[in-house]
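Build out the structure end to end from the sequences listed, making use of the hints.
Number of protein chains: 2
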Amino acid sequence: MKIALAQISTHIANFDLNKAKIIRYIKEAEGQQSELIVFPELSVCGYPPGDFLGFDSFIDECEAAVREIASHCIKIGAIVGAPYRNTRGKGKKLFNAAYFLHNGTIEKVVFKSLLPNYDIFDEYRYFEPNIEFRILPFKGHRIALTICEDIWNIYTPFYTFTPMDELIKQQPDLMINISASPFSYNHKQKREEVLKKNAMKYRLPVMLVNQTGAQTDIIFDGGSTVIGPNGNIIGQLELFNEDMRYFELKEMMTSDSVQEEILPISKTELIYRALLLGIRDYFGKLGLQKAIIGLSGGIDSAVVLVLLQQALGKENVKALLLPSMFSSEHSITDAVELAKNLGVAYEIIRISEVFGQFEESLEPYFKGTEFNIAEENLQSRIRATLLMAFSNKFGHVLINTSNKSEMSVGYGTLYGDMCGGLSVLGDLYKTEIYQLADFFNKNEVVIPRNIIEKAPSAELKPDQKDTDSLPPYDVLDPILYQYIDLQVSAPEIIALGFDAEIVNRVIRMVNANEFKRFQAPPVLRVSDKAFGIGRRMPIVAKY
Amino acid sequence: MKIALAQISTHIANFDLNKAKIIRYIKEAEGQQSELIVFPELSVCGYPPGDFLGFDSFIDECEAAVREIASHCIKIGAIVGAPYRNTRGKGKKLFNAAYFLHNGTIEKVVFKSLLPNYDIFDEYRYFEPNIEFRILPFKGHRIALTICEDIWNIYTPFYTFTPMDELIKQQPDLMINISASPFSYNHKQKREEVLKKNAMKYRLPVMLVNQTGAQTDIIFDGGSTVIGPNGNIIGQLELFNEDMRYFELKEMMTSDSVQEEILPISKTELIYRALLLGIRDYFGKLGLQKAIIGLSGGIDSAVVLVLLQQALGKENVKALLLPSMFSSEHSITDAVELAKNLGVAYEIIRISEVFGQFEESLEPYFKGTEFNIAEENLQSRIRATLLMAFSNKFGHVLINTSNKSEMSVGYGTLYGDMCGGLSVLGDLYKTEIYQLADFFNKNEVVIPRNIIEKAPSAELKPDQKDTDSLPPYDVLDPILYQYIDLQVSAPEIIALGFDAEIVNRVIRMVNANEFKRFQAPPVLRVSDKAFGIGRRMPIVAKY
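Those protein sequence lines, which keep their order, are chains A and B.
Going by the working numbering, the first sequence opens with residue 5, and the numbers climb by one from there.
Going by the working numbering, the second sequence opens with residue 5, and the numbers climb by one from there.
Because the hints were derived from the structure by calculation, they are not lab data.
Hints may contain errors.
One copy or two, it doesn't matter: identical chains are merged, so the pair holds either way.
List time: in silico DMTMM-like cross-link candidates among lysine to aspartate or glutamate, alpha-carbon distance up to 20 Å [claimed, not checked]: (1) Lys318 x Glu380; (2) Lys397 x Glu367; (3) Lys200 x Glu242; (4) Lys520 x Asp55.
This is the structure in C-alpha cells:
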C-alpha cells in the first residue's frame, strides 16, 4: 500500500483555502497511485482554532468541508483532521477527530484521547477525551490511528493511560499519527525520540504527519517523519515547508536497514528558518505586505531588519532612524550602513523638537523635578508614535524589536519600544540574538561589526548602558533561562552556583513586570517557553 | 455542631498574609465555640494562582503554610484549600485539594473531581481530576466535601459524571463546598440555583463558602450561602466583603421553614460594587495608591472618574483634560464641572502644540496626503504619552477608560486611548455605561446631564460622531452581546431579526480587531464573557 503524507500549511477558519488545498493534494496522490493520503491534525479548520470552536456555524463549516472532501475520495482513502460533535449528551461538546474518508463518504472517525492542556495548549477547553479504542482496517491492513499527543505519553507519564497500549491489543500493523506539533528549537529532536520509542516499543512502523506554517505566534515546522520498527528513520519531509512524500507500507515493515540520512541543523539555523516562516505567514495570512521598524543602531533592530528584508523583500521594508539628543553619532551611521547593506529604504527623523515641545507642555507640572524614567520613556513613546503614524498613513505594520531578556526584566517602555503587531525576537535572549547576528555575517558582513561589538544601550540618557540597570547578559540570560524556560525556583537557581543577590533581584524584576508583558505583542515562539499564551502568571500577586 | 463559614479575600502567593488571616479566623471561630471552620478553594495560596503552580518552591510554600495552619487546629476542625502533590507517578503533578485539619495535623485530604477548563478557567492545565470518593466523618456526622465545580454538573452535563452521585451512596448528612466562584452579574443567581438543585436532589443541607476580593481582572463576590434540604436559603454572607457567619448543623437539617430574606439587588448595583472592589484590590494588592485618567468630557471617562474617586478617595485621583483643536468647548466645561463635583484635582493641557510639532516632523513624508486615521490616532497617542509621563513622574497608575462596545469593534487607538494598567469598563457595553451613569445620578447630579445627553464622539476630527463609523449603540450592543457574550454566529443573529448587512459588518469589525485586543489592559470582568483570558480567538485567521 502506497501512503502519501501531505504536510500542509493551513489557515485558521479559511475553509475554502484549506479544503481546496486538501482536495488538490488528494488528486495529486491519486495520480501517483497512492491508496491512502494523510493530512495533519485539524487540517480542515487549521490548528489551533481557539474559541472559534465555540461557534456552531464554525463546526457546521468544518462538517460541510469534510463531506465535500470525502466526495473526492472514491478510490483513494484520506485521513483529515476536524472537530466532531459529541452527541452523547454529556461531557464537552466536541471531539478532536481524525476522519477516514473513502468511497465518497466518512467511513470512520477516530477521536483524540490525550488532550494537551499545558504551555500553549488548551485542548481540554474544547474537547472531550476519547476512551474507546478501535483499529482502522483498510486494504487488509490494520492501522492504529492516533492524534498528536496520543503517542507522547511515552516520554513523561503526563496522562493516566497510553492509547497505543490499548490499540496494540488489536494487533495493528502500522501506526499513523496526525499532528499539529509546534516548533521549538528542541522539539524536532524530541519528536524523533518519541517516534523512535513508539516504533521500538510496539515493534511497528510509525508515520507522523505534521502541520507546517505559522499561526500568529505559534510556528509549525513540518518535518513529518516515518520510522521503521527498529527505530530507523525511513524518511523525513521538509522543515518549514509544505511537502508531500510517498511511502510503501511493505518497505516500511521490512526495511529495518533503511535509514535516511538526516542532515544536522544547528539551533541558530532552526530559529532563523522558523522566524522567517513566522514573519511570512503573519503577513501572508493577514494579506499584508509592508513592515516598518525603528532602527536604533543596536543589535536587536538590526537582526529584525535582516529577517524582515529576507522574509518580505527589501522593497516591502522601511526603517525609521529616530535619534534623540542622547543618540550617539555611531548609532546613526551604523544603522544607515545596515540599511544600505540590505537595500532597505530608511528615513531619519530627529525627535528632539517633539521632545522639546512635550517638555514645554509638561513644564508647569514637571518643573523642579529631576530628569528620570518619565523623560526616558517619553523618548521611546515619541518614537512609537512616529512609527505608528507611518503605519496608519501608509499601511506598514510596525514590527516589534524587543528581546526576551529585556521583556523578562521589564527593561523596555510600554507603549514605546514594546509596541508592534508582532514580536520577532521576543522569545530570544540577548545572547541568542548575537548568535543570529553572527549567523547572518557568516559569509559577508551584513550587520556592521560595530553594531555587534558595541555595548548595548537604550540611549535614553547620557552615556547610558544596559549594564547600568541589569547584570551583564551572559549572567542575566542563564538565570532567566532557568526561571522562565525551566520554571526553576530561586533557591534551586542559587544552588546551581549563581549569585544569590543577583538571582533574587532578577526574579523580582521578572515578576514585577507581568503587567508590561500582558500588553506586549504576540511573540514568535521558538523555545519551549515563550511569553504569551504559553506562560500564564498573575499580575496582582505577592512575589 | 456549630460551623463557621469564613469568606475571606486572599492575595495570590502572599502566604504570610493568607496564613495569618486564616489563623486569625480560626482563633475567632474557636472563641465562638465553633467546632468546624471552612475556608474557600485554594485559600492558602489564593485563586487563581496560574503558572505559579509549576514552581516546586510554590508548592513547598503551600504545604508549609497548611502544616502551620494545622498546628493551630487542635480542638476545632478546619477545611482549607491548597494544591496537593500527585505522588501516583502518572497524570498531572497536582490535585486541587481541600485539607481537613484537626488534632494539630492534616487528618484528611479531598481532591477536586470536576476541573473547569472554559472561559477564564484553566484548571486542567495544572490538576489531575479526582476519581475516588470518600465521605469526611467528623463528630458523628458524615460530610460530603466537594470543591467548587464539583457540584455544578447539575446545571449542564459538562462532565461525564457527577461527584455527589458517588458521595450520596455513602449516606452523608451535610454537603460542604469550598469555592472560588467568580463574579458576573448573572452568577449570584446561577450559584443559588445550583445550590438549591443540589440540596433538593440529595435532600441535604449544603454550605458553600466562596472567596471574595479581586485578583487583577477576576472579581470574586463572596455571597457564601447555606441552603436547607428543601431548597430554602438559611443564610447568605455579605457580597463583595470578607465575612464570617456561624451555622448550627442541627438547625440546618431540621429548619425547613427557615428562610433568610435575600434583598434583591439590581444588575447595575452588582456591577457597581464589583467594579469598586476590582479597583480597590488592584491598587491595594499592588501596594499602589494613585490613579490618573484622561478626562474627555465623554461618558466613559466620567463614569471611570466617579468609580476611581469612590474606590480610592478623591485625594488619590488625578484627571488630565487634554483637548485638541477638535475638542468642543463643552467637552472641557463638562469635564471641569465633573471634576469639581467630585473634588478631584485636574489639569488642562492642550495638545495642539505637540500635535503641530509632530506634523512638522512628519511633513516631509506626509505632505500631499489627506488628514486621515493617522492624524486622528496621533492625537490619541499624544494624550497617552502625556498621561504616561505623569504616571512615570509621579507614580499615578494610568487607568483605561475603553468600553466593551468600542473594544469589540476596534473603535479605539492602540497605544492611545487603549492604554492603561487596568480597564475598568472594558466589560461593559456603552448602553450599560449609561445605566451606571444614571445610577450615580440617582439622588444628585454627580455626572453633568450634558455628558450623559450629548451624542458620543471621539472628537478626533471636526464634527465627528461615533455614529459616523458605527451603528447606534442601541443597535450595536445587542448584536455584540449575541456574538461575544453568547457566541451566537452571524446567521443565527440575523435570524433573530437584526439587519443582515449591519450584523455582518459588525462581526467583521470584531474579528478584524483581535490584534488590538491582544494588547489591551486586563479588563475587570463583570459579565459571563469578558475580553482577556476568558476569550481566546486567533489573531491570524480568515473571518
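Starting from the hint list further up, note which numbers the structure goes against and sort them upward. Going through the list in order, the structure violates hint 1 alone and respects the others.
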